[in-house]
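*Asks:* Here is what each chain is made of, one letter per residue.
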Amino acid sequence: MKKTGTGDYLFILPSVVVFFVVTIYPLIYLLWLSLHRRHLIFDISRFVFLDNFLFLFTDPRFLTALKNTVYFTVVSVSLEITLGLVIALFLNNLTTGRGIVSAIVLVPWAVPTVVSAKMWEWLYNPDYGLFNYLLGVKVNWLGSPFWAMNAAIFMDVWKTTPFVALLLTAGLKLIPSELYHAARIDGAGRWYIFRRIVLPLLKPIILVVLLFRTIDAFRVFDAIYVLTGGGPAGTTETLSIYAYRILFQTLQFGYGSAIAMFIFMCVGLISIFYVSILQRGFR
Amino acid sequence: MGVVVRLFAVALIVLYCVGPFIWQFITSLKPSHELTTLPPLLPEDPTLENYLSVFRTHPFGRIILNSTIVASLTTVLSLAIGSLSAYALAKLNIRGKALFLAFVLSVSMFPPIATVSPLYLIIRLLGLRDTWWALVMTYTTFSLPLTIWILTNFFRAIPNEIYLAALVDGCTPFQAFRRVLLPLALPGISATAILVFIFSWNEFLFALTFTSTVKSRTIPVGIALFPGIHEIPWAEISAASVIVTIPIVVVVFMFQRRIIEGLTAGAVKG
Amino acid sequence: MTEIRLRNIEKRFGDVTVIEGLDLTIHGREFFTFVGPSGCGKSTLLNLIAGLEDITSGEILFDGTDVSRLSPSERDVAMVFQSYALYPHMTVFENIAFPLRVRKRDEDTISSEVRRVAGLLGLEGLLTRLPRELSGGQRQRVALGRAIVRRPRVFLMDEPLSNLDARLRVDMRAELKKLHRELGITTVYVTHDQEEALSLSHRVAVLLDGRIQQVGPPAELFEKPATTFVATFIGSPSMNLLEGSIMERRPLRIGMDDIVVSPTGWDIKIQGKVILGIRPEDVVVSTEPLTDGFTAEVEVVEPVGSTVWVDIVRGGMRLRARMLKGMELEPGAQVFFRFDPAKFHLFDPSTERRL
Ligand SMILES: Nc1ncnc2c1ncn2[C@@H]1O[C@H](COP(=O)(O)OP(=O)(O)OP(=O)(O)O)[C@@H](O)[C@H]1O
Ligand SMILES: [Mg+2]
Chain R
2 MKKTGTGDYL FILPSVVVFF VVTIYPLIYL LWLSLHRRHL IFDISRFVFL DNFLFLFTDP
62 RFLTALKNTV YFTVVSVSLE ITLGLVIALF LNNLTTGRGI VSAIVLVPWA VPTVVSAKMW
122 EWLYNPDYGL FNYLLGVKVN WLGSPFWAMN AAIFMDVWKT TPFVALLLTA GLKLIPSELY
182 HAARIDGAGR WYIFRRIVLP LLKPIILVVL LFRTIDAFRV FDAIYVLTGG GPAGTTETLS
242 IYAYRILFQT LQFGYGSAIA MFIFMCVGLI SIFYVSILQR GFR
Chain Y
10 MGVVVRLFAV ALIVLYCVGP FIWQFITSLK PSHELTTLPP LLPEDPTLEN YLSVFRTHPF
70 GRIILNSTIV ASLTTVLSLA IGSLSAYALA KLNIRGKALF LAFVLSVSMF PPIATVSPLY
130 LIIRLLGLRD TWWALVMTYT TFSLPLTIWI LTNFFRAIPN EIYLAALVDG CTPFQAFRRV
190 LLPLALPGIS ATAILVFIFS WNEFLFALTF TSTVKSRTIP VGIALFPGIH EIPWAEISAA
250 SVIVTIPIVV VVFMFQRRII EGLTAGAVKG
Chain G
581 MTEIRLRNIE KRFGDVTVIE GLDLTIHGRE FFTFVGPSGC GKSTLLNLIA GLEDITSGEI
641 LFDGTDVSRL SPSERDVAMV FQSYALYPHM TVFENIAFPL RVRKRDEDTI SSEVRRVAGL
701 LGLEGLLTRL PRELSGGQRQ RVALGRAIVR RPRVFLMDEP LSNLDARLRV DMRAELKKLH
761 RELGITTVYV THDQEEALSL SHRVAVLLDG RIQQVGPPAE LFEKPATTFV ATFIGSPSMN
821 LLEGSIMERR PLRIGMDDIV VSPTGWDIKI QGKVILGIRP EDVVVSTEPL TDGFTAEVEV
881 VEPVGSTVWV DIVRGGMRLR ARMLKGMELE PGAQVFFRFD PAKFHLFDPS TERRL
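Taken in sequence, the protein lines are chains R, Y and G.
Here my numbering is used: the first residue of the first sequence is 2, the next is one more, and so on.
Here my numbering is used: the first residue of the second sequence is 10, the next is one more, and so on.
Here my numbering is used: the first residue of the third sequence is 581, the next is one more, and so on.
The hints are simulated quantities; they were obtained by calculation from the structure and are not laboratory data.
Since this is a predicted model, take the numbers as computed values, not measurements.
Hints are supplied without guarantee of correctness; some may be wrong.
What the hints assert, rightly or not - Capping the alpha-carbon separation at 20 angstroms, the derived lysine to any residue pairs in SDA-like fashion look like this:
#1 LYS204/R with TRP192/R
#2 LYS174/R with LEU272/Y
#3 LYS684/G with GLN184/Y
#4 LYS204/R with LEU272/Y
#5 LYS106/Y with VAL18/R
#6 LYS139/R with LEU50/Y
#7 LYS849/G with GLU823/G
#8 LYS204/R with PHE274/R
#9 LYS684/G with ARG187/Y
#10 LYS106/Y with ILE25/R
#11 LYS804/G with PRO921/G
#12 LYS224/Y with TRP141/Y
#13 LYS224/Y with THR66/Y
#14 LYS174/R with ARG266/Y
#15 LYS139/R with THR46/Y
#16 LYS757/G with ARG696/G
#17 LYS174/R with LEU202/R
#18 LYS174/R with PHE195/R
#19 LYS106/Y with PHE21/R
#20 LYS106/Y with VAL276/R
#21 LYS106/Y with TYR10/R
#22 LYS106/Y with ASP9/R
#23 LYS758/G with GLY702/G
#24 LYS923/G with ALA806/G
#25 LYS923/G with GLU828/G
#26 LYS224/Y with TYR129/Y
#27 LYS139/R with PRO49/Y
#28 LYS174/R with ILE269/Y
#29 LYS174/R with LYS204/R
#30 LYS139/R with LEU47/Y
#31 LYS174/R with ARG267/Y
#32 LYS106/Y with THR7/R
#33 LYS106/Y with GLY594/G
#34 LYS849/G with GLU828/G
#35 LYS758/G with ARG747/G
#36 LYS139/R with LEU44/Y
As the list claims (entries may be wrong) - Computed spacing ranges between beta-carbons, pair by pair:
#37 LEU202/R with THR222/Y: 48 to 56 angstroms
#38 GLY98/R with ASN169/Y: 36 to 44 angstroms
#39 ARG133/Y with ARG592/G: 49 to 57 angstroms
#40 LEU55/R with LYS106/Y: 36 to 44 angstroms
No residue lacks a Cβ here, since even glycine has one placed at the ideal position from N, Cα and C.
With the rest of the complex left out, here is chain R:
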């Protein structure tokens, strides 16, 4: 385009340095840690190569955490996309008060996850919680192995659906209204228009949102950590929580890093999967 000077690279230098110090170097360090048996208290550090990774698949607690994480991810993301789409279609049709409603919808997304987790913990309270009172039941939502995970999912759906809905609304806005009119004139019904026109045109954005949400759900930590702490009996313990516990409560930095590395690789695979679908769509 224009004059090239080596000076131009100075503009990206700060970012490169920061990225190197805070992401690349730690990642290499993590890999190195994950190949060691390392314990902070006993000051042990021994190279064990892939032992930590091999141990992962015989560790029942890890397998449960993996299963919990996948369940949480699949269920919460499906619910969020579906519900988000419904709200988006509705917001898109809204003529007055859209600004206010959008702002209100943003609030759950914007508050700290910790605050919403505490808020929901109180709503779920078995004795004095609003839910049991309104439903007229006495369920120990967070204390029962069956309900706990679903309660956490419910909270996550509440918190992130707005984000999904707003992104999808932005996507809907990009569809020219002539298209709806043309389809209407061609005699297409609402459902038909939605399936044959809206959904296909929305597909790229849905994929982007799915990518963000899947990754976020897969690495979930604070929501569940604060809400249930992984309990009862490990039924809500996700990979991130398990890794955190191993790292910072039992101080096994080697094995904990191996779990963290595993999460990193899963997230990498998930992104590659979505990005490849996205790229195929654009060709």
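Since the structure of chain R is provided, determine the placement of chains Y and G with the ligands on it from the hints.
*Replies:* Relative to chain R, chains Y and G with the ligands alone:
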């Protein structure tokens, strides 16, 4: 759709989003003995005692100060570093732009748990444990992808001729950035600033790991670890939650359009 | 009064060559124009002179000094862009003052210089407005003001009038000319409008696919086009190009379809095919029989103000001609036409160059 159905739907959505907050607010006004009796829903003897105690018996003032400082410093640093890169990516002729952007995007997908343990060791080594800087450094890095991504789109949207005109008028690339491009990208800057601020205000995992005392503890950790003697002090937690939610609600209502702009610039163009 | 020399300039984007082997000297104080169709490389060339792009090879000299590696600000050029490129966040005053501020002139100088320029361009009343509060013509003036405020060595203008309406465009042409006379700064101008090029410039270069087709004063381009491209590009409506074959060289007789013409003033060496160019204004059409005339059928009649152009067909030959005043013609009518034998242009069909 009939007007009634529409109104009903709006009411439903609003209740869905706001309901839990209302309950939180109601709880925060209840004296502790009323917490354990459910009907009535509303406090019979509403009190501000919980709010006062958040500051009097707990160091919440200091915690809010920590959060404010950490989030502000992060926002400033992230914008300063990120806008330079975004400008270079949008307007300057440097090699490997696509690669750099791809890397930036992949950083935004890094699971925090993957870097928390090595970063902890690094921070301990640097003697930065339990300081604002540990958090500022980490948050700045992890908010950079968003900053770079959004601002690159904003800088790209500024016609190239304006940038070229600045060069011809005698600007160095940096002057063109500071005097012409940066002021023109102000809407993008403010959208990004809000998002980065919210991100740093809300972050939990790094804050939980890197802070150990009230010296640097931020709001999410403060609320998660809210100390109680026997029972969990729900009323005080509620009061604290309301306190930290209010500024966010204000920001969201004031900058609703900007936030959505920023989010969609980040996602739709990605 | 800077003289600009372009020496064997080449510009490539990746493996696309946009400018190729370009050699040219633009004299000090000259108003020089590059004209050519869209995409021929005009803007690229201007950006190369400005230093906004790097040349791939060659040299650019200002008054004999090599500036090829200097940045735009070091070259001390000013540029007016097609879109004006005013800074949207600055008032008219600040826009014009900007080049001075960047050069850290003191506040008094800035203020007096901006006012002087504003006076010159009739912008005095608009100094506190923002660009978006101005009309197209006013923005144009601000862009000019920003360029002239610091008396650069060279003015570069990239289609500065193309966003204006037809009327304003003609007015601004006159102003540009006047401004150039007053300031006496070497000006390189780019346009795709040949009329603009001819009316403004001392000399014009016609550019096609990154190569210069012809350089010369406007009259020369019009009267002696060097290639068929220049012949058709310069002048409106376009010159007719017809195919013929040489029947006799002295005196010259050329056959086209079933007619024979005898262009005068040519001494040609080649044999066989030839391209004949004739401007529509040099072909006369009449309803009455003409001496040395031929018959043809009217296809389209196109009145443009004082002149009426007609497209006529004779066998496989089709050309545009000027109709004599006071005639009424309908498509399909039989007419007579005649060429002015002194006004033919002959081109070699293999090289498309003038013979
Ligand atoms: N940065 C670039 N990368 C690749 N090709 C380019 C670049 N800039 C210009 N070109 C190509 O160079 C050629 C000349 O472009 P240029 O902008 O100089 O044309 P122009 O004569 O100014 O046309 P117009 O009258 O439309 O402004 C075009 O074919 C264009 O596609
Ligand atoms: Mg151009």
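*Asks:* It remains to establish, for every hint, whether it holds in the given structure.
*Replies:* Status of each hint after checking the structure:
no., hint, verdict
1, LYS204/R with TRP192/R, "holds, 16 angstroms"
2, LYS174/R with LEU272/Y, "holds, 14 angstroms"
3, LYS684/G with GLN184/Y, "holds, 12 angstroms"
4, LYS204/R with LEU272/Y, "holds, 18 angstroms"
5, LYS106/Y with VAL18/R, "holds, 16 angstroms"
6, LYS139/R with LEU50/Y, "holds, 17 angstroms"
7, LYS849/G with GLU823/G, "holds, 17 angstroms"
8, LYS204/R with PHE274/R, "holds, 15 angstroms"
9, LYS684/G with ARG187/Y, "holds, 15 angstroms"
10, LYS106/Y with ILE25/R, "holds, 18 angstroms"
11, LYS804/G with PRO921/G, "holds, 15 angstroms"
12, LYS224/Y with TRP141/Y, "holds, 9 angstroms"
13, LYS224/Y with THR66/Y, "holds, 16 angstroms"
14, LYS174/R with ARG266/Y, "holds, 14 angstroms"
15, LYS139/R with THR46/Y, "holds, 14 angstroms"
16, LYS757/G with ARG696/G, "holds, 19 angstroms"
17, LYS174/R with LEU202/R, "holds, 11 angstroms"
18, LYS174/R with PHE195/R, "holds, 14 angstroms"
19, LYS106/Y with PHE21/R, "holds, 17 angstroms"
20, LYS106/Y with VAL276/R, "holds, 18 angstroms"
21, LYS106/Y with TYR10/R, "holds, 11 angstroms"
22, LYS106/Y with ASP9/R, "holds, 12 angstroms"
23, LYS758/G with GLY702/G, "holds, 14 angstroms"
24, LYS923/G with ALA806/G, "holds, 15 angstroms"
25, LYS923/G with GLU828/G, "holds, 19 angstroms"
26, LYS224/Y with TYR129/Y, "holds, 17 angstroms"
27, LYS139/R with PRO49/Y, "holds, 17 angstroms"
28, LYS174/R with ILE269/Y, "holds, 13 angstroms"
29, LYS174/R with LYS204/R, "holds, 14 angstroms"
30, LYS139/R with LEU47/Y, "holds, 13 angstroms"
31, LYS174/R with ARG267/Y, "holds, 16 angstroms"
32, LYS106/Y with THR7/R, "holds, 14 angstroms"
33, LYS106/Y with GLY594/G, "holds, 16 angstroms"
34, LYS849/G with GLU828/G, "holds, 11 angstroms"
35, LYS758/G with ARG747/G, "holds, 17 angstroms"
36, LYS139/R with LEU44/Y, "holds, 17 angstroms"
37, LEU202/R with THR222/Y: 48 to 56 angstroms, "holds, 53 angstroms"
38, GLY98/R with ASN169/Y: 36 to 44 angstroms, "holds, 39 angstroms"
39, ARG133/Y with ARG592/G: 49 to 57 angstroms, "holds, 54 angstroms"
40, LEU55/R with LYS106/Y: 36 to 44 angstroms, "holds, 41 angstroms"
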